[in-house]
Each structure stands twice: as C-alpha cells, then as structure tokens.
Amino acid sequence: MKIFLNLVVATLKDMVRDKMTIFWFILFPVLFMFLFGMIFSGGSGNVNFDLGVVVEQPDFFSQAFLANLGQVEMLTVHHGTLEGELEALGQQKRNAVLVLPQVQFGSDEEIAVPVYYDASNQANKVLIFMLSEIFNHVERGMQNRARIFTVDAKPVQAESLRDVDYLLPGILSMALMQLGLFGSVRLVYLRQKRILKSLGATPLPRTHIVFSEIVIRLLMAAVQTTLIILIGHFVFDVKIVGSWWQVLGAVFFGAAVFVSIGYMLVTFAKTEESGHGIIQVVQFPMMFLSGIFFPLEFLPAFLKPVVRAIPLTYLGDILRSVLIGTPYAFGLTTDLLILGGWLTVSLILAIRFWRWE
Amino acid sequence: MASIVVRELTKRYGKLTAVNQISLEVEDGEIFGMLGPNGAGKTTTVEVLVGLRDADAGEVRVLGFDPTTESVQLKRSIGVQLQMPTLFPRLTVEESLRLNANFFPDPFPAEQVLEWVGLKEQRKVYTYKLSGGQLQRLVVGMAIISNGRILFLDEPTTGLDPQARRNLWDVFHMLQKMGKTIFLTTHYMEEAQYLCDRVAIIDHGSIIALGTPNQLICDHFEEKAVELSAMDGCDEAILEKLPGVTKVQAAHNQITLYSTNVEATIRELMQLEAENRLAVNDLAIRKASLEDVFLKLTGRSIRQ
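Those protein sequences? They're chains A and B, same order as listed. To convert, note that position 40 of the first sequence is 63 in the working numbering; the numbers rise steadily by one, no gaps. To convert, note that position 3 of the second sequence is 1172 in the working numbering; the numbers rise steadily by one, no gaps.
With the rest of the complex left out, here is chain A (with noise of 0.2 Å):
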C-alpha cells in the first residue's frame, strides 16, 4: 500500500507538473464554463421586457401610469386577466405581471402592487427596480407626498430552467469524458516512451501503475466538479438541487466509465499520436449527439439510434437530473445499466487486448 501511495504521489508530481495536462483538464472546462457561462446566462429577453399588466380599476391613476409606462421603449405592455397573465408569465412569455390596485385617494396608508416575476432570469431583478422608478416619478407628478406605491415582488419560478442551468451539468459530463478518454492516453505514452519496461523490472506490479493512474483520474475528476459547480453557483447562479454525496456519486461512476472505455479504445493504439487521434474521433461526434448542451429533440430522427446508444447520453441525464433537478428522460435504473453495461464491456475488452509492451 505505501509502495502505491508513493507511485500515485509520483504521478501526480510528474503529471501536474506538465501545464498542459493543468490546462487541459482542468483549465479548460473552467474557461467553456464561463465563456458559454456568460454568453447564455444573458438570456433572451433582457433587452426587450414583457410585461403584462392587470388593472384593477381604470381609473385616472392608471391610466396616467399607463401613459408612463408606454414612454418606456425597453417594455412591451400586454393587459389582461390575473389568470391570463399568470399562465403566461409560467410559459415565459412574459417577464413579469403587474397588478394595478384600485387606488383610494385621502388615504394615508402606502399601497402595495405584486409585481409577478420569472425568478430564474437574472435580468428581470433590472424590471422590477425599472418599474419602482417609474412608480417614483408617478408620485413625484402627483403631489409633494414622499410614498403612495411600493412594489412588492412576487418571484415565480418558470417551469423551465436557463440555459445556464442546462449547461453546468453538460459541461461537466464533457469534462468528464475527456478526462477519462484523454486521460487514457497516457498509459500508451508509458509504454512507447519505455517508462512501463522499466518499471516492469523493478518489483512493482504493473497493475499497480493502471491503478495509480485510475485514482488520479478520480481524484481529478473530483476537483474538476468542484470548480464547475462553484463557478456555476456563485458566478451564474444555478441551483445544485443535489446533495454533496449524489453528485460526487455521479462524478466517480461517470469517471469510472470513461477510463474504461479510454483504455479500451487506446488498446488499438501503437504512439501516442494514434491514441490521441483515436479518442479525437470518438469523443467529438459524441459531444453533439449526447444532447449535454442542447435538448435531444432539436436533433434529426435518423440520430436517435446513435443518441440512444452513446454513454455520454446517459451520463448527461444523471447528472442533469442530480445537479439541478431536472426529471430524467430514460430512469435512473436505465442510465445506470447502461452505463453500467459499457463499464464492463471496455473493461473486458481492455484487459483482453491490452498489451504490455
């Protein structure tokens, strides 16, 4: 055991020591989370406001609040029902409902209006401070008095999550995957650079070499997680609905498959080069079929074979689902024997074609 924990200490040394395997594998996840991070947590409607409007009463008030609100070339005014413009609001067609209360002049109380908004989009915060403004410049017209309205914000939250949301758990499995699969290549690297021979004289087991490799993937795989989900929690603000065992759970089972299959495919490998151009042309078609960073429907019908029988596919539904919650689109049970079911396979396969030498 000692004899292993100072092979793992080793690798890691030698290995984190070249900043291309830093950048690779942890950097560059890092980067894509950010970069698409920001380019989609902008949302669609942040320049143009839906807003959706119920009056109570019309009366003199609302309709010079109205006369306000239309001068305001960022929004678009829908009236209609409560109901109307609640069902609305879920269906993100609107970014928020204002309820226009009767209003009872002579009275000194304040009056509230619910405002009604889509909690899930950052730029709807913008709205609602948009609106207590306009609310101010009202009451300023009006009289000398310092508060008539304020705006109590009701947040709702659509159904339907960000894009943002949707990427976290995409990116992860990307990462995840080249991890593994990239990772592999480094075994073919030992052997043609003669490293494996040599330490095939010493006493040391060559299992142990694979061994060491395979937890310094993990170990990896754990900290790559780690950034991810911060990133993505405190920078976009996505909820991880799951807790901190499920999504390492997750992360080691979906780590563990692709180093299976990493070594699998490299056992076809003679160089390095090979190894890399080999994993290239597998975990590339993979990335766009496996629907992690866009929904499977948008994909043509003649695919669906393949989406159904690639493990990123799988992979991706589980962490979806344990990272923010979204229902799983083939069962749990599903995901798991089938990733389960690739896990052996290229396991079986690596350890049967696997050469030393």
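These aren't lab readings, by the way, just hints derived from the structure by calculation. Hints should not be assumed to be uniformly reliable.
Cut-off 30 Å, straight-line C-alpha distance, at most; resulting in silico cross-link-like pairs (DSSO-like, lysine-lysine) [said to hold, decoys possible]:
{"#": "1", "chain 1": "A", "residue 1": "216", "chain 2": "B", "residue 2": "1289"}
{"#": "2", "chain 1": "B", "residue 1": "1410", "chain 2": "B", "residue 2": "1393"}
{"#": "3", "chain 1": "B", "residue 1": "1289", "chain 2": "A", "residue 2": "42"}
{"#": "4", "chain 1": "A", "residue 1": "220", "chain 2": "B", "residue 2": "1393"}
Quick caveat, the model's predicted, so the values are computed rather than measured.
Given the coordinates of chain A, work out where chain B should sit on it, guided by the hints.
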C-alpha cells in the same frame, strides 16, 4: 556458489534467433561481462535473466529463482538498468531515485547513491532536462539503489565521457567489495578488460569465447601486437615475411603486426626503414587485447 546459471538458453523473435543455446555461470561476487556488437543478443539475454522475457528453450536460474515463474521474488533481490533510459519526465533526479528505492525491501540511502553516480548537484533537476550522460548515470543509480544482490546493467557506460566512465568503474568495484554480483553488457573492449573478472564474447546470439580477459588473450595470442602507421603505404607481403610475424592486419595506413618475437620483428623493421623501403611512424608495442581477440574470432572489428 553460482548466482546465475544459464543452460542452453534460446530466444527467438519470429524467425530470428536472437539468443542461440548459450550456457554460462556467474559466481557470487563476480563482475561478469557480456561483450559483443549491437544486435548480438546481449540485451535479450539480460531481459530473460531479469524476468522481462520468457525463454523459448533452456534453463535459467538467478539466485535460485526461475525468472519466468518466480519473477516477483527475483525482482526484489536484484537491481536492473535497461538500455535507452526513460523515466517520468517531470520528476527530479532525487524523486526518481526515491521512487525506485521504495520498491525494494532494503535500499541504499538516496544521498549515498547521488554521491556515487555524481549527481548531487543535479538532485533537484527534472529528468527531462538532464544531459544524456547525466540521465545514463541516473538510471545506473536507480539500479544500484535497490541494494540488490545482483546488479544487471545493460551497457551502463554508453554515452558517458571517459572521466564519468572511470568513476562508475570505481563504484562497481566498490560494490563488488561489498559482496555484490554484477552482470553487465558492453561493447567497450577496454571496459570489459579493465572491469570484468570474466567475459563472454557473444556474436550472432552465440557465445564464441568465455574466460578471464587475460586467459582469452593468451588462448588466442602468444603474440604481441606491433602497431605502426606507414606513411606511403607498403607491401603487406614484405611485412608478413618479417621474423616472428604470424599475422598482418592493415587498414589504410594503420598496420598491426602480431609477432611471437617482437625484438626480431622490430630490428628488421628498422632495417627496412634504413633502406628507405618503408616510412614508419608512431611505432608502438602492446600486448594483444580483447579487441584483437574479437577481431580474430569474428574477422571484423566490434564497432563495425
């Protein structure tokens, strides 16, 4: 007692017979050298002895272990240095040594080995930044640190400058005094002659001579060698007729005469020069060497 026993070992790669029925025994505490040109089968022999390859035929015992079936026990008690050193590129010299040390039950201290192989100043250097000679010394050190009872060294001094080579020879002699057995391969004649207690000359997979360096030379040469360079070339037939001369080797202007009567040969040479029939330069007399033995046995120089 014999540390290594090899009987009729044969190893084939496809149709090529790399090692052909070789037999040898290495005594405890001996420095045994396998001498031969590249491709002669030296490396294959070492790899079979340390359990990296299985023999096709024959019997091998190292420290009483069968390298095929008992390789784990065997590898704990030997240190091995293979050709074409490759290491984890981003470990330092010291880390590499310590990594290897911890595979063995009773290794030498890394500090000690660093000093022996002269890498104290490079201890913090990543291995991929080492020069060829430094790397070679490091892998020899990684074999030594095992503190194994036998050291298998496959061309341990290849690529070293003469000074570093001599230093390693001293270390090997010191290890021998500590009771280690050393099995090494080389294609340096002077190394085999200076370092080894016994030498096996191997060519095309077969052992063609085996014994102490002196014994090999005496067996094949009663003669001493007279070396000279002839300025304007010369007629080999004249040289062959000189008294005592048994054989003449000529390459360009470099001539080696093997003579059983050096005094008579030289006297006659001087006479020829006095008569202006020959312009002699750089005359030297030496005992025959392993190089001469190899030349005689195979008809070619080891470096060809």
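Next item on the list: Mind checking the alpha carbons of residue 1410 of chain B and residue 1393 of chain B for me, to see if they're no more than 30 Å apart?
Entry: 16 Å, holds
Next item on the list: Please work out if residue 1289 of chain B and residue 42 of chain A have their alpha carbons no farther apart than 30 Å.
Entry: 27 Å, holds
Notebook entry, point to check: When you check the alpha-carbon spacing of residue 220 of chain A and residue 1393 of chain B, does it fall within 30 Å?
Noted result: 45 Å, violated
Notebook entry, point to check: Regarding the pair residue 216 of chain A and residue 1289 of chain B, is the alpha-carbon distance no greater than 30 Å?
Noted result: Status holds; Cα separation ~26 Å.
Taken one by one, the earlier hints fail for this structure only at number 4.
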